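Enquirer: Chains A and B, in that order, are what the protein sequence lines are. The letter at position 562 of the first sequence is residue 562 when you use this note's numbering, and the numbering goes up by one with no holes. The letter at position 433 of the second sequence is residue 433 when you use this note's numbering, and the numbering goes up by one with no holes.
Certain hints may be false.
[Claimed, not checked] Chain A side only, calculated, beta carbon under 10 Å to chain B, not exhaustive: (1) Arg-168; (2) Cys-175; (3) Arg-183; (4) Cys-608; (5) Tyr-620.
[Said to hold, decoys possible] Chain B residues, not near chain A, derived (Cβ > 10 Å throughout): (6) Val-53; (7) Tyr-74; (8) Gly-77; (9) Gln-198; (10) His-199; (11) Pro-201; (12) Val-206.
Since the hints were made in silico from the structure, they are not lab data. Computed from a prediction, not measured in an experiment: that's the story for all the values here. Every residue, glycine too, gets a C-beta built ideally from N, C-alpha and C.
This is what each chain is made of:
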Amino acid sequence: MDSLYQYAWLVPALPLAGAALVGTGLIAFNSWTNRLRQVNAALIMSLLGVALGYSLALFWSQVQGHEAFHWQFTWAVAGSFHLEMGYVIDRLTSLMLVIVTSVALLVMLYSDGYMAHDPSYVRFFTYLSLFSFSMLGLVMSPNLVQIYVFWELVGMCSYLLIGFWYDRVAAREACQKAFVVNRVGDFGLLLGMLGLFWCTGSFEFGVIGERLEDLMAAGSLGTGLATLLVVLVFLGPVAKSAQFPLHVWLPDAMEGPTPISALIHAATMVAAGVFLLARLEPILEHLPGAMTVVAWTGAFTAFLGASIAITQNDIKKGLAYSTISQLGYMVMAMGLGAYGAGLFHLMTHAFFKAMLFLGSGSVIHGMEAVVGHNPALAQDMRYMGGLRKYMPVTATTFLIGTLAICGVPPLAGFWSKDEILGAALGANPVLWSVGWLTAGITAFYMFRMYFMTFEGEFRGLSFGPGAMRVGELSAEEEGHRGPAGHHAAHPHESPWTMVTPLVILAVPSVLIGLLGTPFANYFEAFLEGHGPLRVEPFAAEVDWQEFGVTAGSSVAIATLGILVALLIYRLHRVDPAQLALKLKPLYEFSLNKWYLDDLYERVFAQGCRQLARQALEMDYRIIDGVVNLTGLATLLTGEGLKYIENGRVQTYALVILLAVLSLVLASGLA
Amino acid sequence: MMLSVLIFVPLVVAAGLSLWPGRLEAQQVKRGVGITTLGLLLWTALAAGRVDVLSPDGQLLETLPWLSTLGLSYQLGLDGLSLPLVALNSLLTVLVVYSSPIPPTRPRLYYSLLLLIQAGVAGAFLAQNLLLFFLFYELELIPLYLLIAIWGGERRSYAATKFLIYTALSGLLLLVAFFGMAILGGGGSFSLMDLDTQHLPLVTQVILLVILLVALGIKIPLVPFHTWLPDAHVEASTPVSMLLAGILLKLGTYGLLRFGLALLPAAWQVLAPGLAIWAVVSVLYGSLMAILQQDMKRIVAYSSIGHMGYVLLGAAAATPLSLLGAICQMVSHGLISALLFHLVGLVYRKTGTRNLNELQGLLLPDGGLPLVGTLMILAVMASSGIPGMVGFITEFLIFRGSFPGFPLATLACMIGTGLTSVYFLLLVNRAFFGRLTARLANLPSVSPWEYGPAGVLALLVVVLGIQPSWLSRWSEATTTALSHAAATASILSAHVSLPWHL
Chain A
1 MDSLYQYAWL VPALPLAGAA LVGTGLIAFN SWTNRLRQVN AALIMSLLGV
51 ALGYSLALFW SQVQGHEAFH WQFTWAVAGS FHLEMGYVID RLTSLMLVIV
101 TSVALLVMLY SDGYMAHDPS YVRFFTYLSL FSFSMLGLVM SPNLVQIYVF
151 WELVGMCSYL LIGFWYDRVA AREACQKAFV VNRVGDFGLL LGMLGLFWCT
201 GSFEFGVIGE RLEDLMAAGS LGTGLATLLV VLVFLGPVAK SAQFPLHVWL
251 PDAMEGPTPI SALIHAATMV AAGVFLLARL EPILEHLPGA MTVVAWTGAF
301 TAFLGASIAI TQNDIKKGLA YSTISQLGYM VMAMGLGAYG AGLFHLMTHA
351 FFKAMLFLGS GSVIHGMEAV VGHNPALAQD MRYMGGLRKY MPVTATTFLI
401 GTLAICGVPP LAGFWSKDEI LGAALGANPV LWSVGWLTAG ITAFYMFRMY
451 FMTFEGEFRG LSFGPGAMRV GELSAEEEGH RGPAGHHAAH PHESPWTMVT
501 PLVILAVPSV LIGLLGTPFA NYFEAFLEGH GPLRVEPFAA EVDWQEFGVT
551 AGSSVAIATL GILVALLIYR LHRVDPAQLA LKLKPLYEFS LNKWYLDDLY
601 ERVFAQGCRQ LARQALEMDY RIIDGVVNLT GLATLLTGEG LKYIENGRVQ
651 TYALVILLAV LSLVLASGLA
Chain B
1 MMLSVLIFVP LVVAAGLSLW PGRLEAQQVK RGVGITTLGL LLWTALAAGR
51 VDVLSPDGQL LETLPWLSTL GLSYQLGLDG LSLPLVALNS LLTVLVVYSS
101 PIPPTRPRLY YSLLLLIQAG VAGAFLAQNL LLFFLFYELE LIPLYLLIAI
151 WGGERRSYAA TKFLIYTALS GLLLLVAFFG MAILGGGGSF SLMDLDTQHL
201 PLVTQVILLV ILLVALGIKI PLVPFHTWLP DAHVEASTPV SMLLAGILLK
251 LGTYGLLRFG LALLPAAWQV LAPGLAIWAV VSVLYGSLMA ILQQDMKRIV
301 AYSSIGHMGY VLLGAAAATP LSLLGAICQM VSHGLISALL FHLVGLVYRK
351 TGTRNLNELQ GLLLPDGGLP LVGTLMILAV MASSGIPGMV GFITEFLIFR
401 GSFPGFPLAT LACMIGTGLT SVYFLLLVNR AFFGRLTARL ANLPSVSPWE
451 YGPAGVLALL VVVLGIQPSW LSRWSEATTT ALSHAAATAS ILSAHVSLPW
501 HL
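Looking at chain A on its own, in the form it has when it is part of the complex (with noise of 0.2 Å):
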């Protein structure tokens, strides 16, 4: 079993090996490497798949009950100061190695049928395998600075991906934004495991939560400060996850090509917030003002993102607000000290997003066919309509997925987000009640883009039902890419490899939630084992009545949220136009995405280019001003040109170093 342990650094070495021989490939030998498209995708998938299957075995390893497993290195010496690599393979890391790899497997199976006609299909296999092991690095670190490392790295690896069609205005302001938006993030974590290093003098995660609660014991720390420093880590999560203030840039990112937004922006990358989470929990339980604080933004980020996304026409737009919504859940579980409850969701939410990204991404294909390749016109949603025709899996995949996500007993999001809603009641009602309104409102945005886009007749590029102004309608020009020439009637069902991963992934989406019901709750029990991850005991004998009061209210009002949906946009009862006309401001407010990307630009990106005019101003003014004036630089400058242009270079060199000369000698001997 041991020698299953001291390999386990392979599954993202592989992926890396497969990203650097692509990528030298790419770079010494471009014009081959490019054209030997499929035989570098299959290079790379293979060695996904033994790291898929590496993966497997350390689960079942870990299901077995074995024990967890640390290896570590010194990767860095300054006299006492060490910086250690290495992995850790526990239960909460088997688990996340398993979601990540197969994940990304099946976005890469999918990406070959997407990405069949890109000319930059090789370089974008490269990225996802860089990715893949970024991630993987991620969730084995067995340290802070080892998370940060590749925290950074999969940062990077996201601007890559988002800006991969970098001829697009879009991407590439896309890109930058998300870049930067995370260093935001990445600026607060890295000063707060520094801040906690300085405290504790460590940066294991275990370690850090002992001696904190030492020092609080002890008086000699704060907890104001403790708590200051906390959430100053937790500001990374808050970027990498999209939380509010700090979620502006997700939406942005889908950009990227869509397979990009189902494993980096759904189901891992902005999940690894989260994950950072659970892995602070030693540290977080002594701090129950840094876990309010977390608790709040999660609720909040929730509420927000669900609001947002009632008004978007964009489908990628629609489903990554309400990514940030389901992410906000995760964060609010983690902040009620509900760990179990949030990576289950964590989980759920990585298949069934998964499969609604890249249901997206089926149904843009085949809108591309009637449309063209514009994604201002692709992917809006009032074009749609009637897909169901002619996507059946796409749509019942998608039907699947969204019913997921509702809530609708017995697919997975039902069990998940119940247990976060569980843990919220206990904890606090208020919390509870923000939970379970953004439940309605997931379920009224979700069937809206599930009618608007596969039920009805098909629109095509007439007028559409949705709550729109028609100046709305103004599609950037820019943004053709290949030629517009095939344009067909209808759209298509897509290539077998863009739908079985689709059918594969709505296995999980429907049956994964009862590995985790109230009655027999085994992804806890998994989780509470002997990992370091404590989460609250085994429900031997379940509270029917609590059980019922919190499923039923959160039925009830997915139903309402499914009803109303139904009534707008499949029965055409109320005009959704005229709704919105009604509750203007309520819908303008949601549909400027409570203007903070506005607000953000003009205090922030205009701010900045403020200060940094006015340090121009100052340095020509006045520092380079004063130097000027002395009128030293005219006079020289006129003899140094003399000079030169007598080109008596060599005696004027001469003459100066003479003149060194002479004055160390002259001084020297005064």
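Following the hints, complete the assembly by docking chain B onto the known chain A.
Expert: Relative to the frame of chain A, chain B by itself:
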């Protein structure tokens, strides 16, 4: 004799080149100089192999009396402070000679000036005598002035003159500080071993240190003495910019550690909070200035001002870790900024412009410069401190080492790393993303030979980023000893209170 070779071989070759009576083919000159510098790089590696990294003291010492009345003696030595920088100097010179296109006018002079700079810089790092340091410090100045003034851009004489005025002033102040130290604390000797400045009254020490700081602050450069640098970079040709940013600026920070911290530790302790604030001002100011620039070279130049500020922060904190970080940051900045300047130079050579308003879509594989773009993204990520590249670990060491002493200054400098990603991403976004304009279509392709220096530098940046101990092991003993010595000295002098405390 190990170390003298590093100074005299380039000097002799340079003199030979300029004085050779017959005609020399430019190609031959370049090849000869290239072989010379390559040999010197190997020689540096040999010397490094003979250094005991566990000892903090100067090694391979060479001493010859010279002008004893003046207190000037020829003393060389190599320790953990100087070894990485000497190696960087030898490496960058090879790359610079290799990547220089043969100048149309006066090729012999051009290459002999490059060799003179190499000799001057190596001598300054190796000197164990203040006056000797000063002589080499000045020796490197004139060739650089000429390199800018003769082979520079349109406003070259303005930039070169500005550079000369600033650095001449720096040299003068440096001389004043050195004389002060030697006469007051060394009994007239300038030798590092004879100097005993620590028993001077604290006020005198502080005055000497302030003069030294201004002198070296011009060289580093720190705000507000920095305005010569962007002008010099913009007008200098690519290889000269690589040298200037890569190694010459390090003379300033090296001098701070060698003569400021080591010789005047008590005064250093007094001024340290001010130095940390100065570092913050430099970092933030340089980064802000870089945001609005339109010339790619100016952006990289201002980024240098910001990144050299981190070195000052590490030096101010003077913990073993922050000093180690400071030395490593010098090397890391040398590699990364040389890489950046090289890539900007390639863009300029192929497109004829560095103006961000005119460049677009260079990353595109058809007709653009995709590999230059890829390397540029790598360099930019390294400069913003992304792990896996050397910039991360050196900044991390500085921040980790400085945080306990100056938490707020460290925090502010960390904002600077965020700003780095802002201005460099803007550069990548504007020049490399987007579509090629008609003017930029069908750029001449870059031959593999032209990538050579970029490839070497990028490889080093990544390898040292993954294996940082290959960089830090050379300096660790010296920086630890230096930090302890400084701490002890300042404790000893703690009871000597300042006059205004009386």
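Enquirer: A separate judgement is required for each hint: does it hold in the structure or not?
Expert: Now for the hints, and whether the structure bears them out:
1. Hint on Arg-168 (chain A) holds. Least Cβ distance to chain B is approximately 9 Å, under the 10 Å limit.
2. Checking Cys-175 (chain A) against chain B: minimum C-beta separation of about 8 Å stays under 10 Å; hint holds.
3. Taking 10 Å as the C-beta cut-off, the interface hint given for Arg-183 (chain A) holds, the closest approach to chain B being about 5 Å.
4. Interface restraint check for Cys-608 (chain A): the shortest CB-CB distance to chain B comes to about 7 Å, inside 10 Å, so the restraint holds.
5. Because the smallest distance between the Cβ of Tyr-620 (chain A) and any Cβ of chain B comes to about 9 Å, under 10 Å, the interface hint for this residue holds.
6. With a minimum CB-CB distance of about 13 Å to chain A, Val-53 (chain B) clears the 10 Å threshold, and the non-interface call stands.
7. No Cβ of chain A approaches the Cβ of Tyr-74 (chain B) within 10 Å, the least distance being about 14 Å, so the stated non-interface status holds.
8. No beta-carbon of chain A comes within 10 Å of the beta-carbon of Gly-77 (chain B); the shortest separation is about 22 Å.
9. Its beta-carbon lying about 24 Å from the closest one in chain A, Gln-198 (chain B) satisfies the requirement of being farther than 10 Å from that chain.
10. Chain A leaves His-199 (chain B) outside its interface by the beta-carbon criterion, the shortest separation being 24 Å against a cut-off of 10 Å.
11. With a minimum CB-CB distance of about 24 Å to chain A, Pro-201 (chain B) clears the 10 Å threshold, and the non-interface call stands.
12. Under the 10 Å C-beta cut-off, the non-interface status given to Val-206 (chain B) relative to chain A holds; the minimum distance is some 23 Å.
Consistency with the previously given hints is maintained throughout, with no hint failing.
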